[in-house]
Each structure stands twice: as C-alpha cells, then as structure tokens.
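Engineer: Sequence:
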Amino acid sequence: MRLHLAGQDREIAQHIDALRESEHQFRTLADNMSQLAWTASPRGQAHWYNERWYAYTGTSLEAMKVLGWRSLLHPEHRERVLARLQYCFSTGSIWEDTFPLRGKDGVFNWFLSRALPMRDAQGHITHWHSYRHYGSGQR
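UniProt numbering applies: residue 1 is where the sequence shown begins, and numbers increase by one.
In short, the hints are calculated from the structure, not lab data. No residue lacks a Cβ here, since even glycine has one placed at the ideal position from N, Cα and C. Only true hints are included.
Across the chosen pairs, the derived CB separations fall in these ranges:
#	residue 1	residue 2	range
1	Q14	Y87	38 to 44 Å
2	H129	A63	17 to 23 Å
3	R20	T91	30 to 36 Å
4	S90	Q14	36 to 42 Å
5	H133	E21	25 to 31 Å
Quick list of in silico lysine to any residue cross-link-like pairs, SDA-like style, CA-CA up to 20 Å:
#	residue 1	residue 2
6	K65	H127
7	K65	H47
8	K104	R52
9	K65	A37
10	K65	A55
11	K104	L72
12	K104	T57
13	K65	S130
14	K104	Q35
15	K104	G135
16	K104	V66
17	K65	R102
18	K104	H77
19	K65	Y54
20	K104	E51
21	K104	A37
With these hints in hand, go ahead and build the complete structure from the sequences.
Structural biologist: Structure below.
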C-alpha cells in the first residue's frame, strides 16, 4: 500500500511540474507578443493582463481591479463597446470590435479587439482569452 501511495505522490508531483511549465510557457509567450492580452472569468471579469498591456496603459493589476479596463475606453465609444461585449459574454459568442483605447500618454489609439470563450468538455465557458491588436491609422 505504501509503495502504491508513493507512486501516486510521484505522479501528482509530475502533473504539478507539468502545469507549472505550461503556465511559464503561456506567460512567456503572452508577455512577449506585440498584442495587448487579458483573460477573464466566464462572466467577463478580467483577472490577468500581459506585460504589453501594462506598458501601453501605464497601469497595474491593482489599478485595473479598481478602475477596470473600461475606464480606458474612449467615452464616445464606451456604451457601444460595452453593450456588444456584454452580449457576447452572456451568449458565449466570440467578440470582435474596433475602438480607441487610451495609452499612458493620454492618447487614444485604435485597436482591433477579440475575445474567445474557452470551454470545458461539457461546453461550459471556463474563461475568456482576449487580445487587442494596435491598428494605427484606422478610422
């Protein structure tokens, strides 16, 4: 029995190591891509942003938890963008939109944004992955 438990412990440790390595690879990729990226809960509550996001916006995770990324939307586009995004969160549809987002310099630049629902084996949304691609000169 003791040998069997030791084998299970070793297997669990290997799974934990593999999960840590996968997380490390994801963060390395996400933090080094040119797009701004974030992940969110099934209902759309953002809980992670990549380093490009922080570099562009001049914010921190703590600030985003208080202010939310919506505070960086251009006021003329905020209502439209949020209505469409909320619709997609409630229906599980892929979200895609183009709108200006304020940078740390106070200038609004246009971004193409997209959010994809990630689903479990039963089809339930477990989280959302999103990216924003800078679209210089759009609109």
